[in-house]
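Student: Listed here are the chains, written in short residue letters.
Protein chains: 2
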Amino acid sequence: MRRLFPIWLSLVIATAGGTALSKQEITSFTLENGMDVVIVEDHRAPVAIQMIWYKVGAADEPAGQSGIAHFLEHLMFRGTELHGLGEFQRTVQLLGGSDNGFTSRDFTGYNQRVAADRLEKVMELEADRMTGLLMTEEDVEVERQVVLEERNERTDSNPHALFSEQRNAALYLNHPYGIPVIGWRHEIAEINREELFEFYRSHYVPNNATLVIAGDVEPDLVRELAMKHYGDLVPNPNLKERMRPQEPPHLAPRRLSATDPRVAQPYLVRLYLAPERNPGEQKNAAALEILAEILGGGVTSVLSRKLEIEGKIAVQASAFYNGLALDRTTFGFIVVPVEGIELEEAEIALDQVLKEFLESGVDEDQLNRVKTQIRAAWIYGQDDVYNQAYRYGQALTAGLSIEDVQAWPEILQSVTGEDVISAAVDVLEIKNSVTGWLSGEEIE
Amino acid sequence: MRRLFPIWLSLVIATAGGTALSKQEITSFTLENGMDVVIVEDHRAPVAIQMIWYKVGAADEPAGQSGIAHFLEHLMFRGTELHGLGEFQRTVQLLGGSDNGFTSRDFTGYNQRVAADRLEKVMELEADRMTGLLMTEEDVEVERQVVLEERNERTDSNPHALFSEQRNAALYLNHPYGIPVIGWRHEIAEINREELFEFYRSHYVPNNATLVIAGDVEPDLVRELAMKHYGDLVPNPNLKERMRPQEPPHLAPRRLSATDPRVAQPYLVRLYLAPERNPGEQKNAAALEILAEILGGGVTSVLSRKLEIEGKIAVQASAFYNGLALDRTTFGFIVVPVEGIELEEAEIALDQVLKEFLESGVDEDQLNRVKTQIRAAWIYGQDDVYNQAYRYGQALTAGLSIEDVQAWPEILQSVTGEDVISAAVDVLEIKNSVTGWLSGEEIE
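Protein chains in written order, with this note's numbering: chain A, 1 to 444; chain B, 1 to 444.
Since the hints were made in silico from the structure, they are not lab data. Take these hints with a grain of salt, some might be off.
[Stated by the list, open to error] Using 25 Å as the maximum straight-line C-alpha spacing, the simulated SDA-like pairs for lysine to any residue come out as follows: (1) A:355 / A:426; (2) A:121 / A:31; (3) B:431 / A:157; (4) A:355 / B:439.
[Unchecked claim] Covered stretches of chain B, as calculated for chain A (at least 3 residues, CB under 8 Å): (5) 59–72; (6) 136–149; (7) 242–251; (8) 254–265.
[To be verified] Here are some, though not all, of the chain A residues that point toward chain B, as calculated from beta-carbon distances under 8 Å: (9) 85; (10) 162; (11) 174; (12) 185; (13) 192; (14) 252; (15) 254; (16) 261; (17) 264.
Using N, Cα and C, we set each Cβ at its ideal position, and we do this for glycine too.
Turn these sequences into a full structure, and let the hints guide you.
Tutor: And the structure:
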């Protein structure tokens, strides 16, 4: 495994999707109550996937209630007026299916995978819990303990995850992307039933939801079932536009360093505030995606070559970017120095490589290799209908359209070396950055 | 003037009060609608001061509407249903008086100073604008321009103020104290009339207000006037408790540095998250107040002696602390190095002095000198009835009681050297800190 740090860089708490786009047949429509429906037809296997995506995530939480979106996701697996405690998951299992939930900064989602002829049952169940959720004080307390334990395991007992939280908080001066998706512990501890129920009632409504049905399904039948089970749900006429506090200008780069005896190998992370994919305007984000690959996407990348192979500075040097966000997102680097190289030296080397890259421009052969890899990953990814469904749901809750999703592969292929350098010059603005050093021992 | 940087460290946008406490006669009561009234009798001059304090400040603003408390303060000077545009201030001037408004993190306040026999008129006017404010779209646009211009002058054209904003934002990871009182420019630009009116209607209510009347007044008459003019105002039965998002643990000290060609003299600022004065529990804050004086309160302070006089490291080295806050506040240092001394060297020297101080403890003579100075300032401050009134209003909107205000001078006098060291050890925790370097030229 090349990537040493998969978990704590992920912004999604639960299942994350793949990287490819669909050539499957896509059908979409909107129910009268405002609920969007996207159907991804794929008849290769007799399975169906239902995903419901709510356009509400951790960045939409009321101030002081961090973690409430994820907390509610847990409660959605308790019980409703019609279906008792745990019945949802038991039913899915009896159907021979599997199910899951996931919360991120911009969305909360639920999915089930079942044999295609069992689809209606999970649609009925999912529609039921959009409005009928029971949420007793006991449910809340039980799930609070589960969530706090989850936070213990994933974050509080993990120096990498803790440091990642502090870095993010230092990167965003105003926007709630600086707040962890799982929530600050002291706030999870205080969220009450009324707040959870209010959050549920205002956001879990058909006009705030996107239903993605994928797999071996017929659009006409899906439409019928969607109307039957979701069509009568009452929309929220007061649904608010998603407006998050935006960033002020960043005038000074920030730095932070921490030590934790459990950290075996010191490393540095540099984060920059970065533009996101926007509807009809994805070119810059595409250039950044390619930039991340060129700089730090594998053994032939610029950072790998210069810092690992030639410079013997780092055992790992990689770059990352995720453009699927409603608001300004993050572009970043990780450098893990080889033993004997100080973090300071590694950071100077990183900046030197970046500087030279901006001056010398993009190697056309490398650009073409990266594009080929991206295209290959996309074709490969088409095999996975779950990933396809996930990609549509994720994009639509990040403010993009189906057309944007479909245009993305071609936009990526159209990126030129000049586009990459221009996007790089914009994003690698040190004022917009945070640099974090994490180490096992006190750094002088 | 010893203190080189008075304006941009101030958290209060408008008039700030003095430092002393009252021996004047204090009367207080609460009207049936929940409005608190405090009367500070001082018959030495035939003047009366009215101050109304609303328990709402910049830290109570809805997310994304930073600056709305201060923006509303501006609108309060426009007009009401009964009194047209600018009539309020014209009337006060015709009465031979003066008036002002002020917004801070924890409060918004208004005051007028008039001849004592004109008090009723300003009470009538103040009560009128608590409920009758007209707020036309034009008013909002006019004041938006004024506020933006104010931000231009005080902040955007001032590298010290800009850097102060960025430091504060980096200090607080979650709490709105990290957001500037005047607001982020891009948010001031977007606040609309409905939001302003909603903010006014929910917070400018008698059960969220403290009326302080000071000067040459008779309590019985003030009570009568308060009941006459304020007694019938309708309280807000849904007034929410002031709950701000609190800080998560800070795990890594943060650093930031900026350069601006307008900065003639480089300096460094170190901020620590610090406890505030709490009702019935002011001892720790008193120790911190004395700590700030001992470390950096003048030519005989530890930092002055070690860094300025003996070390020739700094032209200024001072400490500051303001315990009057609802939530965790800030303890800090400023060091302005002498020419030829790098910021890094100055910072190392600062940390060395702090370390030695914690080891060697408090000099009893110095402690007594500081206490004597504080007592003298308090006695001196009693001469100013405005300061007395301000101090009560400020304390009451920071969650303290009249008894807390009156107990404060004795608590300060009771602080021991051990108290100071214990408070210092707690507060000077580097993980809770931000260190900022500001300089005229690029720092290597």
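Student: In ascending order, which of the hints set out earlier in this document are inconsistent with the structure?
Tutor: Numbers 6, 9, 13, 16, 17, in rising order.
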